[in-house]
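Colleague: Sequence:
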Amino acid sequence: MKHSPIIYKIVILIFSVAVGFGQKIVHMNGTYDLDGDQLLEFIALELDPNQDVFPTAVRYYEIDADGYQTLVWEFTPPIALKGEFVDAKIGDVDGDGSPELILVMNLSRFGDNSTPHVFVATYAWDGTHFS
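Our numbering runs 15 ahead of the 1-based position in the sequence shown.
Worth double-checking, as some hints may not be accurate.
In silico EDC-like pairs for lysine to aspartate or glutamate, Cα to Cα no more than 16 Å straight-line [unchecked claim]:
#: 1; residue 1: K39; residue 2: D67
#: 2; residue 1: K104; residue 2: D48
#: 3; residue 1: K39; residue 2: E99
#: 4; residue 1: K97; residue 2: D127
#: 5; residue 1: K104; residue 2: D127
#: 6; residue 1: K104; residue 2: E115
#: 7; residue 1: K97; residue 2: E115
#: 8; residue 1: K97; residue 2: D67
#: 9; residue 1: K104; residue 2: E56
#: 10; residue 1: K39; residue 2: E89
I should point out that these hints are in silico values taken from the structure, not numbers from a laboratory.
Using the sequences and the accompanying hints, generate a full structural model.
Modeller: If you want it as C-alpha cells, here you go:
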C-alpha cells in the first residue's frame, strides 16, 4: 500500500509540535493559506500534559515545504483570565472580506470575578498574523 507524502508530513508535523514545545494538540482546525504564500496554516488548541487537563493555549502554525510547522501566532490568556479554550475558528465575522480568528473560552475567573462564564474574543488578520 502506497501512502501519500502528505500523510507522512502530517505525522511528522504532529510529532514535532508535541515534542518541540512540550505541548499536546487536543484540537486542530484548518487548513488555510491566509497569507497567500502557497503554504498551508492551521490552528491548534494545546495543553501541557504535565499540568493541564484542558487546552490553555491557541497557536497558529504554517507548514513549510518539508512538512514542518513554524509558529506564526499564539495566544495564552493573561493571569486575569483563568479558564480553558473550547474552540477556535477562522471566519469573516464582520463581513469586511478579511478573516478573523474567533476564540472561545470557559472562564472560571475574570479578574476579581469568579463567576463562571463564556469569553469570546476575535482577532483580525492583518496579512501576516492576527492582532
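Colleague: Tell me the hint numbers this structure goes against, listed in increasing order.
Modeller: 5, 7
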